[in-house]
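Taking the hints into account, I'd like the entire structure generated from these sequences.
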Amino acid sequence: MIKKILYTLLVIIILFTITMLLCDFIIDHSSKGKTYTSVQEIPKNRVGIVLGTSKRLTTGHPNRYYAYRIQATVALFNAKKIDFILVSGDNGSRYYNEPNTIKKDLIHAGIPEEKIFLDYAGFRTLDSMVRAKNIFGLDSVTVISQKFHNDRAIYLAKNKDLHAIGFNAKDISGTNGYKVQLREYFARVKVFLDLITNKQPKFYGDKIEIK
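For the sequence shown, the residue numbers in the working numbering are 149 to 359.
By construction, these hints were calculated from the structure, which means they are not laboratory data. This structure is a prediction, so every number in the text was calculated from the model and none was measured. Each statement offered as a hint is correct.
List of simulated lysine-lysine pairs, DSSO-like, C-alpha gap at most 30 Å:
1) Lys338 to Lys327
2) Lys355 to Lys308
3) Lys228 to Lys295
4) Lys355 to Lys251
5) Lys263 to Lys318
6) Lys192 to Lys252
7) Lys318 to Lys306
8) Lys192 to Lys308
9) Lys355 to Lys338
10) Lys228 to Lys281
11) Lys228 to Lys306
12) Lys359 to Lys252
13) Lys306 to Lys203
14) Lys192 to Lys295
15) Lys192 to Lys306
16) Lys308 to Lys182
17) Lys318 to Lys338
18) Lys229 to Lys308
19) Lys203 to Lys251
20) Lys308 to Lys251
21) Lys182 to Lys295
22) Lys281 to Lys251
23) Lys295 to Lys306
24) Lys252 to Lys228
25) Lys308 to Lys295
26) Lys327 to Lys203
27) Lys192 to Lys359
28) Lys180 to Lys295
29) Lys281 to Lys192
30) Lys318 to Lys180
31) Lys192 to Lys180
32) Lys229 to Lys359
33) Lys203 to Lys182
34) Lys263 to Lys308
35) Lys281 to Lys182
36) Lys355 to Lys306
37) Lys182 to Lys338
38) Lys252 to Lys295
Pasting the structure below:
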């Protein structure tokens with residue numbers, strides 16, 4: 149009986165591992181040639197969408213993923229590769245507001261306030277991509293995040309009739325980087341579950357024109 153249970157668990161682990169690797173391969177392959185690290189090489193898009201994350205870690209230390217996304221957004225705007233910035237993030241409570249925090253730091257870095265638009269309901273990458281298309285009326289965007297995140301966003305965008313390319317913010321190595329990369333495998337499996345079940349954003353709302 150114990151051997152049968154162990155065998156069943158082993159089969160489940162093997163199948164799930166294969167599933168994770170397959171999902172990872174499909175998303176990586178789908179985004180091939182659609183992400184850029186050079187502001188000189190990336191094509192221009194009218195709108196860049198920066199995907200939100202917390203400014204600080206749970207330890208209280210600065211979140212370098214956040215800092216690097218701010219830097220990438222500023223570099224892209226200053227190179228005139230985007231005209232407007234859509235900040236999409238979590239606004240889950242009065243004490244946690246990714247879009248407002250990012251907006252303040254972008255303005256502090258020299259981005260004109262009138263060039264920044266906020267999506268307060270970008271709770272997940274899926275929500276951000278669907279809302280960019282359906283709420284903000286965009287057909288083409290430049291996604292600004294780390295490459296692993298851009299790859300996933302581009303795949304989701306493609307499946308939601310939104311043309312997307314990615315500008316890769318600097319990534320992180322070390323322990324924190326490995327933890328995020330491990331979570332990304334599970335996030336990529338979730339992408340396919342969401343697409344199969346036709347998962348919708350948490351909120352829609354009134355349309356907003358970026359101009």
